[in-house]
Amino acid sequence: MHVLPYLVAAYVFLTGCYGLATSRNLIHAVGCLAVCQCATYILLLAVGYRDGGTAPVFSDIKPGSRPVVDPVVQALTLTDIVVGATVTALLLALVLQIARLHGTIDPDELKELRG
Amino acid sequence: MSRRLRLWVLAVGGAGVAALLVAACLDLPAFGGRRHPYGDRAVRASLSRHIANTIAAVNFDQRAYDTLGETGILFAAVLGCVVLLRQTRDEHRDRPEPAEVARPVRRYALLVLPVALVTGVYVIAHGQLSPGGGFQGGVVAATALHLLYLGADYGALERVRPLGAYTAVDALGVSGYLVTGLAGVLAGTAFLANTLLPYGTFNTLSSGGTVPVLNAAVGMEVASAVVVLLAGFLDQAVEIEEDKGS
Chain R
1 MHVLPYLVAA YVFLTGCYGL ATSRNLIHAV GCLAVCQCAT YILLLAVGYR
51 DGGTAPVFSD IKPGSRPVVD PVVQALTLTD IVVGATVTAL LLALVLQIAR
101 LHGTIDPDEL KELRG
Chain X
1001 MSRRLRLWVL AVGGAGVAAL LVAACLDLPA FGGRRHPYGD RAVRASLSRH
1051 IANTIAAVNF DQRAYDTLGE TGILFAAVLG CVVLLRQTRD EHRDRPEPAE
1101 VARPVRRYAL LVLPVALVTG VYVIAHGQLS PGGGFQGGVV AATALHLLYL
1151 GADYGALERV RPLGAYTAVD ALGVSGYLVT GLAGVLAGTA FLANTLLPYG
1201 TFNTLSSGGT VPVLNAAVGM EVASAVVVLL AGFLDQAVEI EEDKGS
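In the order they appear, the protein sequences are chains R and X.
Going by the numbering used here, the first sequence opens with residue 1, and the numbers climb by one from there.
Going by the numbering used here, the second sequence opens with residue 1001, and the numbers climb by one from there.
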């Protein structure tokens, strides 16, 4: 099954989407968004994998002596993680303000705008 | 829209997206294949500039401009959190009571703290040589400080954490990155192009031209950003109380 890792990424992404759509708690929804983002990590790392490859770091292996996995997608994953973490923090801060202003974190109860 | 109807819409849309995703997956190059044209070129470019860690080379040399945007997002997100989590008019600050800490927790937290701090700085400094770099090392160094909260109490953490200074260091990190880029322009090359400094000897701390400089700037920024971010949330949990009867 050479397509399985990609399908895992698709499955994780859809699971996160399902959670986002059915969530009744904003903190839970932020968690689901993080799950969606994890799917992109899996996809990127799966795209860059190479059979028998090692980490693309040449401090302890001689360049050219072994195949290495794709460093470009690893760098993209790194970017993704950093941006994801800070955006999650920002969203949680927003949830905190919503909880303080409206006294609820159920998105279904946030019908009307106030103030 | 009722809950039931919404679930139906989700099911139809989800099935459609799932079918498209599976079709796309079947068309991707086989998992673990040998052909990675971008990867091979990135490795070659990184070796030609004497950078042992190719991922650092991609982030701080080949895609340095992109990393500038990323540090911008980081900076903006921290700024947004500081604004959202500030003390509002109907709140006041309470000094938290010093809490009892179990002695083994105190002992091991204080023992591990310096080790974790040095590890963080090591990971930042060796970003262009070994796995790691400014982003990862910054987070390690920043979370190391918070062992003080576990091992002692919040007051102790606040004494080693002058927030103003950390906010300033955060901004300094971002501007350090920009200044390094602009220095390239002044020296007659392109913005953030790695042709300013000598490439040095392969696999030593000073190798890689501007990569270690950019790495250090990002390390500074991430470490102070995480401290400021966690401070915002911890203040909300520990210090800021809502006024009664408001």
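No lab work stands behind these hints: they were computed from the structure.
Predicted, not measured: the structure shown is a model, and the values here were computed from it.
A hint or two may mislead.
[Said to hold, decoys possible] Computed footprint of chain X on chain R; a stretch qualifies when at least three of its residues, placed anywhere within it, have a C-beta under 8 Å from a C-beta of chain X:
id, segment
1, 12-23
2, 26-40
3, 45-53
4, 71-78
5, 83-94
[Unchecked claim] Examples of chain R residues toward chain X, derived with CB under 10 Å:
id, residue
6, His-2
7, Pro-5
8, Tyr-6
9, Leu-7
10, Ala-9
11, Arg-100
12, Thr-104
13, Ile-105
14, Glu-109
15, Leu-110
[Unchecked claim] Pairwise CB distance ranges, derived in the manner of DEER restraints:
id, chain 1, residue 1, chain 2, residue 2, range
16, R, Ala-21, X, Ala-1237, 46 to 52 Å
17, X, Phe-1233, R, Val-35, 44 to 50 Å
18, R, Tyr-49, X, Arg-1006, 33 to 39 Å
19, X, Val-1017, R, Asp-108, 32 to 38 Å
20, X, Gly-1016, R, Ile-61, 43 to 49 Å
21, R, Pro-63, X, Tyr-1122, 21 to 27 Å
22, R, Tyr-49, X, Val-1017, 23 to 29 Å
Even glycine gets a Cβ: it sits at the ideal position worked out from N, Cα and C.
| task | Provide an ascending list of the numbers of those earlier hints which the structure does not satisfy. | result | 2, 12, 13, 14, 15, 16, 17 and 19
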